[in-house]
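Colleague: These are the residues of each chain, in order.
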Amino acid sequence: MTVKEILNKALMIEILKGMQLTFKRLVSKAVTIQYPFEKRKIWPGFRGRHAFVRDPFTGKDKCIGCMTCARVCPARCITIKREKIDNKMVTTEYKIDASRCIFCGYCVEACPTCALVLTEEYEYSAYSRDEFIFDTEKLLKNWDDFVKKWPEETYFNKFWQPPGIDPNRWPKTKKDQTPIPLRGEALIKAQEQKQSQAQKEEKSETSNS
Amino acid sequence: MKDIIITLIIIAVKTAVYFGVLLLHVAYATYFERKVIGHIQMRLGPMIVGPHGLLQPIADMVKLVFKEDIIPAQVHKAIFSIAPFISLVAGLTTFSVIPVNQGWYIADVNVSLLLVLGIAGIGTYGIILAGWSSNSKYAFFGGLRSAAQMISYEVALGLSIVGVILLAESFNLNEIVQKQQEYWYGMFLFPQFLAYFIFLVAMFAETNRTPFDLPEAESELVAGYFVEYSGMRFALFYLAEYVAMFCMSSLATICFWGGWTIPPILVKAWPWLANIPGIVWFLLKVYFHIFLFYWIRGTVPRYRYDQLMAIGWKVLVPLALLNIVVTSIIKYIIS
Numbered sequence: 001m002t003v004k005e006i007l008n009k010a011l012m013i014e015i016l017k018g019m020q021l022t023f024k025r026l027v028s029k030a031v032t033i034q035y036p037f038e039k040r041k042i043w044p045g046f047r048g049r050h051a052f053v054r055d056p057f058t059g060k061d062k063c064i065g066c067m068t069c070a071r072v073c074p075a076r077c078i079t080i081k082r083e084k085i086d087n088k089m090v091t092t093e094y095k096i097d098a099s100r101c102i103f104c105g106y107c108v109e110a111c112p113t114c115a116l117v118l119t120e121e122y123e124y125s126a127y128s129r130d131e132f133i134f135d136t137e138k139l140l141k142n143w144d145d146f147v148k149k150w151p152e153e154t155y156f157n158k159f160w161q162p163p164g165i166d167p168n169r170w171p172k173t174k175k176d177q178t179p180i181p182l183r184g185e186a187l188i189k190a191q192e193q194k195q196s197q198a199q200k201e202e203k204s205e206t207s208n209s
Numbered sequence: 001m002k003d004i005i006i007t008l009i010i011i012a013v014k015t016a017v018y019f020g021v022l023l024l025h026v027a028y029a030t031y032f033e034r035k036v037i038g039h040i041q042m043r044l045g046p047m048i049v050g051p052h053g054l055l056q057p058i059a060d061m062v063k064l065v066f067k068e069d070i071i072p073a074q075v076h077k078a079i080f081s082i083a084p085f086i087s088l089v090a091g092l093t094t095f096s097v098i099p100v101n102q103g104w105y106i107a108d109v110n111v112s113l114l115l116v117l118g119i120a121g122i123g124t125y126g127i128i129l130a131g132w133s134s135n136s137k138y139a140f141f142g143g144l145r146s147a148a149q150m151i152s153y154e155v156a157l158g159l160s161i162v163g164v165i166l167l168a169e170s171f172n173l174n175e176i177v178q179k180q181q182e183y184w185y186g187m188f189l190f191p192q193f194l195a196y197f198i199f200l201v202a203m204f205a206e207t208n209r210t211p212f213d214l215p216e217a218e219s220e221l222v223a224g225y226f227v228e229y230s231g232m233r234f235a236l237f238y239l240a241e242y243v244a245m246f247c248m249s250s251l252a253t254i255c256f257w258g259g260w261t262i263p264p265i266l267v268k269a270w271p272w273l274a275n276i277p278g279i280v281w282f283l284l285k286v287y288f289h290i291f292l293f294y295w296i297r298g299t300v301p302r303y304r305y306d307q308l309m310a311i312g313w314k315v316l317v318p319l320a321l322l323n324i325v326v327t328s329i330i331k332y333i334i335s
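Top line first, the protein sequences correspond to chains H and G.
Per my numbering, residue 1 is the first one in the first sequence, and the count goes up by one each step.
Per my numbering, residue 1 is the first one in the second sequence, and the count goes up by one each step.
It should be emphasised that the hints constitute simulated quantities derived from the structure, not laboratory data.
From the three backbone atoms N, C-alpha and C, an ideal C-beta is built for every residue, glycine too.
Among the clues, some could well be false.
[As the list claims (entries may be wrong)] Some but not every residue of chain G turned toward chain H, in silico, with C-beta under 7 Å:
1) Ile37
2) Ile40
3) Leu44
4) Asn135
5) Ser136
6) Gly298
7) Arg302
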């Protein structure tokens, strides 16, 4: 041992250095986020609870029963039953088992009509497993809850346009999808537009007859 | 007869107030610890109960009091139930002779320093008996380790104080404090820095705190000697540990930091300092030591058992003896 080493040991330099570090940490600001009272900012692309987009004009979901989501799901948690009624495909049963879902978001990316989305809602613990099996009704309700909770006048298209992928490589249906207004002025404007359009059509129809 | 009754009542009231305040301090020491350790780890510590978690100790106490007191079937029931009380009573008794201000004490004993050390040693019995009567491997090992640790460090602790006794020429804690006022620096910390260092290290070992918390090493012994305890008895052990911490901190304050006084040179420089009551200085010094306990707990990992023994016998005891010899020689030359 050199003199320096002996001195280091006798004066406990290492321990004092450690104590200096802990004291620095003591006076620095804590990094804790007090969860139930304050929440983290949710980043775009967050994949939370599943929901069916409720079309603000028809009041229904946009699912066409193409089975793409069920096929692409790696966890096989989506079950769809469909029937052909009047030469038109109709989904009679749509179920997502959220307790088996791995939240990869493939179903959302694959959906051609942008009917299925993963919302930013993540606090939905429940007391029974049945509550995690989302059927069409529940999925639409999830959407309503989500819209109610997030007060911004946002266009809800950032979820089905997957981030990090070149927009040129998106399927045509995704590219063509126009953002739907959620609430507020934008929705009122859109509804007025739709109404005036419908009135015009009615007028033209009546005039034709 | 009447006088005796009156003095008895006065002493009883004094004791009740003194220990009431002491236990309040002990309760909030746990809160202080959780805050300090939390902030060292960049957490916040208790925040929910009351503003900034200030009512947390009370909530903890209520919870522990109302918990079921489980006495396992295989334990020695009498000793098992008595052990925590031995620890706590020993810890509290030491405080009966510790003066916190000029004339603020319950008893003024001539050999109060020896009394404190002796009673603090008795506290070990609580730990050993708890470990032994629990009839559990972990508790037994905790008790054994505690016994070995206490024996080795009590020697160093006692020897480190001898230097102070030599300088103060008294075992009385009041006189030790007054003696320190005769020097311009007002603290035995400066001539006895080596003794103070030894006292600090031995203090950590005596109170079973990290880095010498081998009797209750969580990672190997679960909780050490109080594994089998629950509810109020468990709380009593905790209480005893914190009371012991306060006791050792007070002892360090009185013997090395001048107790409730401040150095005369400071008073000379700023005369208004003399107006501040002594209890403030005493509490400041004690809480500095308490903070030191937490600070080191947040920094230094636990020593190995052989390292613990090596530090005790090969480093601290020889250093303490050296300190005694040097102190006596210098004192002989000067006087």
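Colleague: Hint validation: Asn135/G versus chain H, beta carbon distance must be below 7 Å. Holds or violated?
Modeller: violated, 38 Å
Colleague: Can Leu44/G be said to touch chain H, with a Cβ gap under 7 Å?
Modeller: Because about 5 Å separates Leu44/G from the closest Cβ in chain H, which is inside the 7 Å limit, the hint holds.
Colleague: Identify whether the interface hint at Arg302/G stands, where standing means a beta carbon of chain H within less than 7 Å of its own.
Modeller: violated, 13 Å
Colleague: Using Cβ atoms only, decide whether Ile37/G comes closer than 7 Å to chain H, and label the hint accordingly.
Modeller: violated, 9 Å
Colleague: Does Ser136/G pass the interface check with chain H, least Cβ-Cβ distance below 7 Å?
Modeller: violated, 34 Å
Colleague: Is the interface hint satisfied for Ile40/G? The criterion is a beta-carbon contact with chain H at less than 7 Å.
Modeller: holds, 5 Å
Colleague: Does Gly298/G pass the interface check with chain H, least Cβ-Cβ distance below 7 Å?
Modeller: Since the shortest Cβ distance to chain H is 5 Å, the answer is holds.
The structure is inconsistent with the numbered hints 1, 4, 5 and 7, although it conforms to all the rest.
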